[in-house]
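Heads up: the sequence lines are chains B and R, in that order. Residue 1 is where the first sequence starts when you use the numbering used here, and the numbers rise one by one after that. Residue 1 is where the second sequence starts when you use the numbering used here, and the numbers rise one by one after that.
The hints are simulated quantities; they were obtained by calculation from the structure and are not laboratory data. In this text the structure is predicted, and so the values were computed from the model without any measurement. Built from N, CA and C at the ideal position, the CB exists for glycine as well. Check each hint, because a few of them may be wrong.
Claimed, not checked - A partial selection of chain R residues facing chain B, derived with a Cβ cut-off under 7 Å:
| # | residue |
| --- | --- |
| 1 | His58 |
| 2 | Ser59 |
| 3 | Met68 |
| 4 | Thr71 |
| 5 | His75 |
| 6 | Gly82 |
| 7 | Ser140 |
| 8 | Lys142 |
| 9 | Ala162 |
| 10 | Tyr237 |
| 11 | Phe239 |
What the hints assert, rightly or not - To spell it out: a stretch of chain B is covered by chain R in this simulated footprint if at least three of its residues, at any positions, have a beta carbon under 8 Å from a beta carbon of chain R; those stretches are:
| # | segment |
| --- | --- |
| 12 | 196–205 |
| 13 | 216–224 |
| 14 | 263–273 |
Here is what each chain is made of, one letter per residue.
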Amino acid sequence: MTQYRTQPRTSATFDPATIAEIQRAADTGIYDIRGWGAKRALPHFDDLLFLGASMSRYPLEGYRERCGTDVVLGDRHAKYPLHLETPVTIAGMSFGALSGRAKAALGRGASEVGTSTTTGDGGMTPEERSQSKHLVYQYLPSRYGMNPDHLRQADAIEVVLGQGAKPGGGGMLLGQKITERVAQMRTLPQGVDQRSASRHPDWTGPDDLTIKIGELREITDWEKPVYVKVGATRTYYDVKLAVHAGADVVVVDGMQGGTAATQEVFIEHVGIPTLAAIPQAVQALQELGVHRKVQLIVSGGIRTGADVAKAMALGADAVAIGTAALVALGDNDPRWQADYEALGTSAGAYDDFQEGRDPAGITTQDPELQQRLDPVEGGRRLANYLRVLTMEAQTIARACGKAHLQHLEPEDLVAITIEAAAMARVPLAGTSWVPGQTAGGSW
Amino acid sequence: MDPLTATPTPTSDPKDPIMAATLELDLAVSTLREVNARLHDPDLGADDVVVTHPAGRHSVAVGLNRPMTVTVKGHVGYYAAGMNQSADVVVEGNVGVGVAENMMSGSVWVKGSASQSAGATAHGGLLVVEGDAAARCGISMKGVDIVVGGSIGHMSAFMAQAGRLVVRGDAGDALGDSIYEARIYVRGTVASLGADCVAKEMRPEHHEELATLLKSAGYEDDDTHAYTRYGSARSLYHFHVDNTSAY
Chain B
1 MTQYRTQPRT SATFDPATIA EIQRAADTGI YDIRGWGAKR ALPHFDDLLF
51 LGASMSRYPL EGYRERCGTD VVLGDRHAKY PLHLETPVTI AGMSFGALSG
101 RAKAALGRGA SEVGTSTTTG DGGMTPEERS QSKHLVYQYL PSRYGMNPDH
151 LRQADAIEVV LGQGAKPGGG GMLLGQKITE RVAQMRTLPQ GVDQRSASRH
201 PDWTGPDDLT IKIGELREIT DWEKPVYVKV GATRTYYDVK LAVHAGADVV
251 VVDGMQGGTA ATQEVFIEHV GIPTLAAIPQ AVQALQELGV HRKVQLIVSG
301 GIRTGADVAK AMALGADAVA IGTAALVALG DNDPRWQADY EALGTSAGAY
351 DDFQEGRDPA GITTQDPELQ QRLDPVEGGR RLANYLRVLT MEAQTIARAC
401 GKAHLQHLEP EDLVAITIEA AAMARVPLAG TSWVPGQTAG GSW
Chain R
1 MDPLTATPTP TSDPKDPIMA ATLELDLAVS TLREVNARLH DPDLGADDVV
51 VTHPAGRHSV AVGLNRPMTV TVKGHVGYYA AGMNQSADVV VEGNVGVGVA
101 ENMMSGSVWV KGSASQSAGA TAHGGLLVVE GDAAARCGIS MKGVDIVVGG
151 SIGHMSAFMA QAGRLVVRGD AGDALGDSIY EARIYVRGTV ASLGADCVAK
201 EMRPEHHEEL ATLLKSAGYE DDDTHAYTRY GSARSLYHFH VDNTSAY
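Chain B with its partners taken away, still in its complex shape:
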């Protein structure tokens, strides 16, 4: 006789992962720290589609007609703006968070395709400078390793106010990764859990930032473009203030943007999605009459050429990749599955970059693990990936009839969810309805 029993049912609110986290917190008394960016499902570029050409628009021939990809960054004030061959740049990641070999690989790959890479908290290493044709030097609140010689050696300066993974928070590098060389570069005792400042030590507020940017320009004789990077939150206002402060380029990093180490609660609950930030930034630039004059770089969740094209269609001049670049180098590669399992995770889910035990040898200072990444091979893989992103974006642009990636425009896009339509400020597919912008109606 069949026995009918109530099936065990997990709660949607208290799901297994939530229960496990409560149990872990109760056991240890410390919040969870991890790397990567927001992992929750968010409205994103996947929720947008392009309207390819047909009768009302002419496409370009896919393999015959030129579709330009180059971009000039920082020609507002700088004597020597950057001229990149592809609008896909490499975001700031520190030596310390990454191994020296990983930084060299990023420089190799970026240089091979004519784009820029960026330093991070902790200063500029000789390997990084020598391998990077275009190197952006980050000017961070901690000023770890901040050296005016490096400022002069850089091709651009990026004043960092925040990043998408943790707007309002400073960096974090746990003791396992503070090796002798990292400690020496940051003027810290070896092995401490490093707490980076979240505020700059010698200026507060936009008026001070104007003076600070003036100082950086004076020190470098007005040669270098000055970027201002913000984590996406009150993006409309932040971009306006950055422009007023004198930025040549504004970098907006959405909450999907990665980090080497931050509290999980910070990563998942502070900031706004990249998709929601771009239209705010573009609106601010347009209202100031500087769209395309002060360039906009968008980062946070760029994975494919479609993402590149969508960000640019919404008004970005370029994008930056961090997490995807590490994956291209070999991060979360299935060939290290056994090692990932030994760490209690699996290839594709590894995010404990703060522990310094990265099986792929990228987010580590361990001398043996580092050897797993060959900078030449890593550079080649990154260059391949950057070329694919660029070609994919060109494929879409040609289909939309554009002879340059920068000709992509919001009119080329529709959204497939109401949320994405509202955030990206493009119509819901098949309608003329832009939630929050128009009343909608029939054609």
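Using the hints provided, position chain R relative to the given structure of chain B.
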């Protein structure tokens, strides 16, 4: 005569081929850009420069990176002598926020008082403020020596990593909050200490170190026994649940 194209004025025997030469750059007639560009010029032709009429301008004499002497005749704004390397800069007046910020080497000597964040993040060299310094003096200092003739404001030496801070007067609240390995010497009272900052014993090497610092700033008559040393208790160097209330 255009002060920017003027040849250096001899100040000693004109027959001496290796004479010291003084060049005057006047901010009343030249732009800040023009003056700083001259100061950065390796072919300036003078190792002794006087900058006149600064009138509170920001970023005066920033980014110097060779041995030279620059005397600024008057008050200046933010970031005076910022990121200095090798040069010796004297400001005959008061300075705004961030004087000698991120200095690497050389010296910056302020005859008056300093606003906030004096010597912020500086890696080396000597900063002397003969008057008082406001809040956040020596914030995130990374190896610089700072000597303040008067008193300093709150949150001074916040997250100070390395170097020495000497205060002949008093210190404001939260001195040395979250300090790493910098050493602080204060002669007067300290309103309060920040997290993980504690008073420490003055051993002979500290008296010697302090005496040397005081002498370098022209205060060789001070009794080092009147000073107290402060530094890190090193209890917050690693995250631990027991320290939650301190973070």
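Hint by hint, here is what the structure shows:
no.: 1; hint: His58; verdict: holds, 5 Å
no.: 2; hint: Ser59; verdict: holds, 4 Å
no.: 3; hint: Met68; verdict: violated, 15 Å
no.: 4; hint: Thr71; verdict: violated, 19 Å
no.: 5; hint: His75; verdict: violated, 15 Å
no.: 6; hint: Gly82; verdict: holds, 5 Å
no.: 7; hint: Ser140; verdict: holds, 5 Å
no.: 8; hint: Lys142; verdict: holds, 4 Å
no.: 9; hint: Ala162; verdict: holds, 5 Å
no.: 10; hint: Tyr237; verdict: holds, 4 Å
no.: 11; hint: Phe239; verdict: holds, 5 Å
no.: 12; hint: 196–205; verdict: holds (count 4)
no.: 13; hint: 216–224; verdict: holds (count 5)
no.: 14; hint: 263–273; verdict: violated (count 0)
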